[in-house]
Structures are given as C-alpha cells and as structure tokens.
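Work the whole structure out from these sequences, hints included.
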Amino acid sequence: MAAATPASGLRTEPAPALARNAVSLEGLAIAFALGSGGHYRAVEQIDLSVADGEFVAIVGPTGCGKSTLLNAAAGLLKPAEGRVGIYGEPLSGLNRRAGYLFQQDALMPWKTALANVAVALEPQGVGAAEAQERARQWLGRVGLSAFAERYPHMLSGGQRKRVALAQMLIRNPEILLMDEPFGPLDAQTRQIMGNLLLDLWAADRKAVMFVTHDLEEAIALSDRVVVMSAGPAARIVGDYSVPLARPRDIADIRLDKVFHEIQREIWATLKVEVQKAYAQGEGRA
Amino acid sequence: MKRLNLLAWQIGVGLAFLAAWHVFSTVKFGGAKPPLDPFFFSTPLDVIARTWKSFASGEIWRHLWITLVETALAFGIGASTGVAFGFGFALRPKLAAIFDPYIKMANALPRVVLAPIFMLWFGLGIWSKVALGFTLVFFIVFFNVYQGVREVSPVVLANARMLGMNDRQLMRHVYWPAALTWMFSSLHTAVGFALVGAVVGEYLGASAGLGYKIHEAESVFDTTGVFSGMVILAAVVIIIDVAMTMVERRLLVWRPNHDSGAHQT
Ligand SMILES: Nc1ncnc2c1ncn2[C@@H]1O[C@H](COP(=O)(O)OP(=O)(O)O)[C@@H](O)[C@H]1O
Ligand SMILES: [Mg+2]
Chain A
122 MAAATPASGL RTEPAPALAR NAVSLEGLAI AFALGSGGHY RAVEQIDLSV
172 ADGEFVAIVG PTGCGKSTLL NAAAGLLKPA EGRVGIYGEP LSGLNRRAGY
222 LFQQDALMPW KTALANVAVA LEPQGVGAAE AQERARQWLG RVGLSAFAER
272 YPHMLSGGQR KRVALAQMLI RNPEILLMDE PFGPLDAQTR QIMGNLLLDL
322 WAADRKAVMF VTHDLEEAIA LSDRVVVMSA GPAARIVGDY SVPLARPRDI
372 ADIRLDKVFH EIQREIWATL KVEVQKAYAQ GEGRA
Chain B
236 MKRLNLLAWQ IGVGLAFLAA WHVFSTVKFG GAKPPLDPFF FSTPLDVIAR
286 TWKSFASGEI WRHLWITLVE TALAFGIGAS TGVAFGFGFA LRPKLAAIFD
336 PYIKMANALP RVVLAPIFML WFGLGIWSKV ALGFTLVFFI VFFNVYQGVR
386 EVSPVVLANA RMLGMNDRQL MRHVYWPAAL TWMFSSLHTA VGFALVGAVV
436 GEYLGASAGL GYKIHEAESV FDTTGVFSGM VILAAVVIII DVAMTMVERR
486 LLVWRPNHDS GAHQT
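Chains as they are written, first to last, in my numbering: chain A, 122 to 406; chain B, 236 to 500.
Think of the hints as simulated: they come from the structure by calculation, not from any bench. All residues carry an ideal CB built from backbone N, CA and C; glycine is no exception. Check before you lean on any hint, since a few could be wrong.
Now the in silico label distances, taken between C-beta atoms and shown as ranges [as the list claims (entries may be wrong)]:
id, chain 1, residue 1, chain 2, residue 2, range
1, A, S157, B, R385, 20 to 30 angstroms
2, A, G214, B, A332, 48 to 58 angstroms
3, A, A400, B, M406, 42 to 52 angstroms
Beyond 10 angstroms from chain A on every Cβ pair, some chain B residues (computed) [claimed, not checked]:
id, residue
4, V248
5, A255
6, K263
7, F264
8, R297
9, P328
10, I352
11, R385
12, V390
13, G427
14, G440
15, E453
16, E483
17, P491
Have a look at this one:
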C-alpha cells in the first residue's frame, strides 16, 4: 500500500553543519497570566535541542508543561524568558517549518477526511486537482482510502488521528511536533499507529518532538527521552538516549533486554516526579 | 415501527382535540346552547368547510402568495445582512464593543411598535411587512453568526494556522463555514419569525395577505373565518418547517446527530 515516499521535494539544500539543530530551546521560561492578576510560571530554565532527523520523546507528569513546550516551539506561545531557535534562526511568529499534531481533535469538522488533508496543500499554492490526488495517496498511506468521504464525526478516534497525521505530513514539514497523538486510543490501535508513524518517519527522517505520558511508547519510538519535573516551574530533570536498533517493531521491542534496562532507569526519575505531581494534586483538592 | 407509532399518537391527539371541539360546540347537553357557543368558538366542520371553500373558489391563493413573498423577502434580506454583520463584528471586536449597547437596545424593542412607523415609511404594500420581518430575522441570524464565529474552536483555528493558512484562507475554510453553520441552525426560527413579521404587519394594516384575511374576518365577528385563516397559516408553517428540515439535513451532513446515514464507499 505505502510503497511511495512523500512526493514533494520541499526540502532545500542541507543547512550548514553548525545549524544542524532543528529546534533549540535556550533558557526558556513560560508564564500564564491568571485571572486573579498573578502569573503561573509553568516551565523554567528549559534547555533542549533536537537535532535534524532526531526523534525526541518528552515525558512528564500530567500538567507539567509538555504541551506548553510544544506550543512554544510552534510559535503559538511567546516565552517569558529565553529564546526559541529553529535551524539556528530565532523564531518570530508561527513556526512555518513545523507541522503540529494537536492533543485535541483539530480537524475541520465541516470537511471530509479527504478535504481536510487536501486543504493542507492550499497554502503552498498546489492546485485543487493535484491536492486531491495527493491527499488520496496520503489517506492510502495511513490506511484510510475507504474513508475519504467521511466527515470527522463519522470516524473513530484512531481514524481521526490518522487523518490528522496525513494532514500534517502531506505538507512535508521539516519538524514534527506531536502532542500525545495516541493518547486516547486503545492499546492495539496505539501499537498500529506507532508502527505506522515509524514507517512514515523512516522514509525521510525529520526532527520530531513527541510528547507522551506513556514511557514505554516514548522509549519504543524515540532516539532520546527527555523527562520533565512536576510543575509549577517544571524543568528538564533527565535526558536519556535510547540505543535500540532501527527499524523497530514497537510490539517486539518491548521484549528487548536493553529496553527494560532503559525503562527501569528512566522510571526511577519519572516516578519521583509523578508522585510529586500527584501529592500536589491531592493537596490542592 | 417506532416512528409509525409516534405518528399514530400525534394524529390521535389531533383527532381527539377535534372530536372534543366538535362535541362541545354542537351538542347542547340540555342547555339552551352548546357549552362552546359556535358564535365564539365556531365548529370544526364549519372551519373545514370554509377553508375548503376559500381554496376551491381560488380567492385565498392571492393572499397566500403575498404572505409568502413577504416572508421570503424578509428572510432573504434579514438573513444575508445578519450573516454579514455577525461576521464583520465577530472579526472586529472593537467595532462590536462600540455597537454592543445599541444592538441590545434595538433587539429589546418589541417589534409591533415599529409596525406603524414602517407603514408610514414604506406604505401599506408589501415593503412595510418585509421591514417588520427583517427586524426579527436580522437579530436572530446576527446573534447566531456572531456567537458562532467567535466560538470557533481555538484548536481548529490553531491547527489551520499551523497548516500555513493566511487570513483569506482562514476566512474561507474556518470562519465562513462556522458562520454558515450557525446561520443554518437558526434557519427554523428565522423563517418562522419572517412569517410572523409578515402576518403581524398585514394584520395591522394591509389590503392583502393571510394576516389581512384574519383581521377582516375578526372585524365582522366571523369566528369561522378567523379559525380558517389560522388553520391555513398553521399548515403553511408546517410545510415550511418540513422543507427547512430537509434543507438543513443537506447542508449539515457533517454534523453529528443529523442522521444522514453513514457514508459508505
Ligand atoms: N492558558 C493557561 N492559563 C493558565 N494556566 C495554564 C494555561 N495553559 C496551561 N496552563 C497550566 O500550565 C501547566 C502546563 O500545562 P500543559 O503544558 O498543558 O501540561 P501538559 O504537560 O499536561 O501538556 C498546567 O499546570 C496548566 O494548568
Ligand atoms: Mg498536554
């Protein structure tokens, strides 16, 4: 079904070696204005860089600021301190080189699956007929050829995520930001989606920032796992590389010995933060 | 099966009502007159006979046509300006803030008091009725579209922007469909109000239309004529409502709970 690689050749000549970091967050702090007049400092002193072609997973207790980090990298949120660099350039406004898969449903409910994917090419000036054709190919690649004419509410949660994935990838962005894309799906669907993502990603490795609350998923997919502390003022408390060979099958790889060692090591750090977050939640309630 | 059952009950209730009306307006129960004096309450058979006659003689068609034309004009003009203003204000919050109190004031005004003024301005012909219907339709559509555009899901909007859409594309693919959705969902109410505007306008001063017919019958204490006019009006409302439901189904297939039948390819 998915023999072809993405058709477009958007990628320009390689950037100079110095600027190989696709995303670099330097000394980042992000605060939200609260209704009461104060500020909530969500994340602080974040230093994180994602190399071109690198798949980085971000884990941390719920509410610690994972989505906030992605929003900053996407240019949807302005940092209170620090800077966001995209291929060495300071980011101003929206990040035009990134695709974003949102945690919530973000498809246009009034468009069919096909139209949702095809419309992503319109800003690039692709004609309607060609856009439709390429959107059909992409729906095929995510296994949804038979569902092209359905509206989002007629699709299951997993199918909607696949449409959103096709919508993001058809533009061929250089950086992929994914926020718990498989969060609400059942275990089997998560595995299928994970393998699908790895297949698509392997075709032309892009820089990925992948947020998840599932540590196993993070390890199975990524080259590097970054652990965030509990908020407020969450920081990065761990940065682990994942030396597992690719290509991987994310169901099989969980049985690997090395996988377990990494998992135990990261969990030791993550557990502390999860418990901290839980205790805070208790205290607040 | 369930639908048929429901329909049977609905018809049953109607028939029971008519039967009760018939009995109490024709049987004397030992008194000098039936409990519902036909002079004040007419009888169902008289009303049906009169309605039949007015269609058979053909004289009602002209009135019906005029009322429908007024309704259509009030709806068309009211809905399109409502969409335009709702859209414009939603995208220009400053403008909306300035006009907010005036819009609320205008909307709070009972429209009936405007009818004589409209007659002064536009005469006794159809345009004074169109104007009255317009003031009703405009606000319904305006508020719906205004709210709809402002409440476009921020995630859908952020996603569209991340796809690289410029303002024009956002307008076309996000704001405009959202606005239309809300317009469609106010269609039922809006068409109903367009008709109300037309009939009330005719009632208060006209030389043709259903409202005029009802008023004419009232002024000579012809209760049968009044009820007959009301029956025709009700029938028109139901027909329009069914038509609207069909249009809505078509236009809002993408919405959940519009049993469009799953699309299978
Ligand atoms: N608009 C906002 N206003 C105030 N606080 C916010 C806002 N958005 C997020 N937060 C807070 O910032 C923290 C991080 O949020 P988020 O990045 O969504 O967490 P998560 O790691 O679960 O994705 C949370 O404690 C949340 O309550
Ligand atoms: Mg989140």
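Okay, the hints, checked on the actual structure:
no.	hint	in the structure
1	S157/A with R385/B: 20 to 30 angstroms	24 angstroms, holds
2	G214/A with A332/B: 48 to 58 angstroms	26 angstroms, violated
3	A400/A with M406/B: 42 to 52 angstroms	48 angstroms, holds
4	V248	35 angstroms, holds
5	A255	45 angstroms, holds
6	K263	60 angstroms, holds
7	F264	58 angstroms, holds
8	R297	42 angstroms, holds
9	P328	18 angstroms, holds
10	I352	41 angstroms, holds
11	R385	17 angstroms, holds
12	V390	5 angstroms, violated
13	G427	25 angstroms, holds
14	G440	44 angstroms, holds
15	E453	47 angstroms, holds
16	E483	14 angstroms, holds
17	P491	4 angstroms, violated
The structure does not agree with the numbered hints 2, 12 and 17 stated previously, though it agrees with the rest.
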